[in-house]
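Student: Letter by letter, the chains look like this.
Protein chains: 2
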Amino acid sequence: MTKYAILGFGTVGGGLAEVMAAQKERLAAVAGDELELGYILVRHDYPDSPWQDKLVKDFAVIESDPDVSVVAEVIGGVGPAFEYSKRAILAGKSVVSSNKELVATHGLELAAMAKEHGVSYLFEGSVGGGIPLLRPLSRCLAANRVDEVYGILNGTTNYILTAMDEQGQTFAQALAQAQKLGYAEADPTADVEGIDACRKTAILADLSFGGNLDPTAIPTTGITALAPADLELARALGYAVKLLGRAMRRQEGCLAFVEPHLVPLGHTLASIGGVMNACAIRGSAVGEVIFCGPGAGRHPTASAVAADIADAVRHRKDPMIPDLGKAGGALVPAGGLISPWYVRAMAEPDEVHAVFPGVKLIYGSTQECGFITPPMDEPALRERTALLDSRAALRVLA
Amino acid sequence: MTKYAILGFGTVGGGLAEVMAAQKERLAAVAGDELELGYILVRHDYPDSPWQDKLVKDFAVIESDPDVSVVAEVIGGVGPAFEYSKRAILAGKSVVSSNKELVATHGLELAAMAKEHGVSYLFEGSVGGGIPLLRPLSRCLAANRVDEVYGILNGTTNYILTAMDEQGQTFAQALAQAQKLGYAEADPTADVEGIDACRKTAILADLSFGGNLDPTAIPTTGITALAPADLELARALGYAVKLLGRAMRRQEGCLAFVEPHLVPLGHTLASIGGVMNACAIRGSAVGEVIFCGPGAGRHPTASAVAADIADAVRHRKDPMIPDLGKAGGALVPAGGLISPWYVRAMAEPDEVHAVFPGVKLIYGSTQECGFITPPMDEPALRERTALLDSRAALRVLA
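Chains as they are written, first to last, in the numbering used here: chain S, 1 to 398; chain W, 1 to 398.
By construction, these hints were calculated from the structure, which means they are not laboratory data. Take the hints with a grain of salt, since some may be wrong.
Remember, identical chains collapse to one label, so a pair may be satisfied in a single copy or spanning two.
In silico DSSO-like pairs for lysine-lysine, Cα to Cα no more than 30 Å straight-line [stated by the list, open to error]: (1) Lys-57 to Lys-24; (2) Lys-317 to Lys-360; (3) Lys-3 to Lys-317; (4) Lys-326 to Lys-24; (5) Lys-86 to Lys-115; (6) Lys-360 to Lys-3; (7) Lys-180 to Lys-24; (8) Lys-360 to Lys-115.
All figures in this text were calculated on a predicted structure; none of them were measured in a lab.
In isolation and in its complexed conformation, chain S is listed as follows (with noise of 0.2 Å):
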């Protein structure tokens, strides 16, 4: 029998306490031991809680009991979350997360600790919510040399994004009724500024490529100047407007963005609407694989977070912690990435025409016109943009 805690009782602290209840059996068959909850660690009282007895208020009471040997951190945030994980991994307990901001900025620390105390340091879901992607990309496709990664990582910006196109919202109706529905939140910045996509795209690519870049230097675009001409326009021309967060091997190091893109209607990105992500992954023996699923939420992320703790569990001897590489990884600027690119412009077809020679012209309800460039990098489209009065310019997903 193995204790394990629970830090943090929000959506997902609570959500794993019943995941773990539910499928008590099957979660013992893979950590090869039964699995008891030790405690909770909160912050207000909660005398409703079926797991009233578990409760605590203090963090060393946890940190002191030798039976705890996994200790599972959905607190989210960087204060407190980070201070508990250090100290959970010099009390010789494996540490699991969900918690992308730490992850993505001391997660080669904690990797460094877990590794020196023979501890487990695991995060599945801290990118993807509940699809099964981190083990996969650096397990199960260990015979691969990973080239490029790239993903729908954000399930708020992916609803309004669907909700503009489906409804022909606004941004702002569309973030209202994202707020309304619980999808985002009161301050949706990390979400909408692309934030929250970008940390995740720098654990993918930091497992990836092992750079362990910092997230606040990867160029990240998020969906607010969006219009709701960009998503007409781009259905017209048979295309989705998706938010991706994109890494790539580099021989200089790791090109990593995060941008909204168009994404042609029969790739299998443009399928995956609302709350829901994706994420590619592009491999020197398999190719390319797609895996998508719920992006986040109370039990799709406690799924990531309960097989983690049954994994630490099963690896007690043999700890297991992801590498996510060297700090000091060159991060290679974006702008000489060659695309073709979605342009918006208020423009007549022969001054259009006369800067892209031959590109077909869509006009929407806006008077405005939409068409797809030849590929280029972002330098040789500006110079051509600025031509026109040109109002918007995304890159293509080709």
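Chain W: place on chain S using the hints.
Tutor: Using the frame of chain S, we list chain W on its own:
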């Protein structure tokens, strides 16, 4: 340093030797030990092979070498592959396999033997080729009661259906093209009759529901009876035609079958073209996740087998044997499953509406019409289509 052997030097065996050599370091990190190719079991001479000094024709050489701790069986079929697998396990060696026929028919026996002898038995490459699928299903989703698995599990038939759809070919034309390109074998029976998909469905069902189904008892319909008109009418109605293997948890056992289905064009499975595969898993905590990628091929399948070799070495002291359940699980008849249906009929609108009131009709280039019925079970459908000159009926994935 750990020695492994490859049984079979066909497409997958050759690809496996290449992949293991190309990603030696990454595989060693996952395995926790360096991996060295000991032998390749061959039937013929390969004087030009770079692995010349590793080729042996007598399995006893491998069997009796105590340094070989993992054997990769990529021979296929049930005869020698089954015998060698048993002998390897009896000799205390882990066995990994991409052989769906063997796993579907004798997997339970081999798993029990492996358990008894303290070795691993892994078969990631047997379903979905290079897509990480079985390990995510049985380990990453350990916190879920799996309720349903379904997917496009055969690349040959998906290639044929894609060609019929996109190029308007007949089944015979598309098959001939697939054979010319090496996507279909000279005797395509196992693929086009759905037998290959059925074996994979059985493996997925066993891992998900533990019934250890007899694959030959699973109701299986291939794609040979599909007409170009079906793909044309399906598309006009907003669907793609896909051969799906499906298995669902039922109180009385497992409901499993293989049939061509109409899949809504917005569904992720509809975006899977050519030889690609995709598998959806519905779990109690995660909801639905979908895994897509190359379902066959030299390097993709080798990618899966190589990861199994590394995992078997990593878990030498703690063998990995996915749970295929117990023999004798009940197979629930599929006829009772309620679905909408696609029907193709040579009939005037009033004839159709007399039997299926209110359905929307599409007339194609053959003067036949196609329509989607309300949800009903198969006997109810047959009772009604008997009243029409109906030419085809396919289940709709709803």
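Student: Does each hint fit the structure? Answer for all of them.
Tutor: Going through the hints against the structure:
1. Lys-57 to Lys-24: Answer is within; shortest intra-copy Cα gap is 25 Å, inter-copy 48 Å.
2. Lys-317 to Lys-360: neither (61 Å within a copy, 62 Å between copies)
3. Lys-3 to Lys-317: Both, since 16 Å and 23 Å are each at most 30 Å.
4. Lys-326 to Lys-24: between (37 Å within a copy, 20 Å between copies)
5. Lys-86 to Lys-115: within (12 Å within a copy, 38 Å between copies)
6. Lys-360 to Lys-3: Close neither inside one copy (63 Å) nor across copies (59 Å); limit 30 Å.
7. Lys-180 to Lys-24: For Lys-180 and Lys-24, the Cα distance exceeds 30 Å both inside one copy (34 Å) and across copies (51 Å).
8. Lys-360 to Lys-115: Neither: 56 Å inside a copy, 63 Å across copies.
Of the numbered hints stated above, those contradicted by the structure are hints 2, 6, 7 and 8, listed in ascending order.
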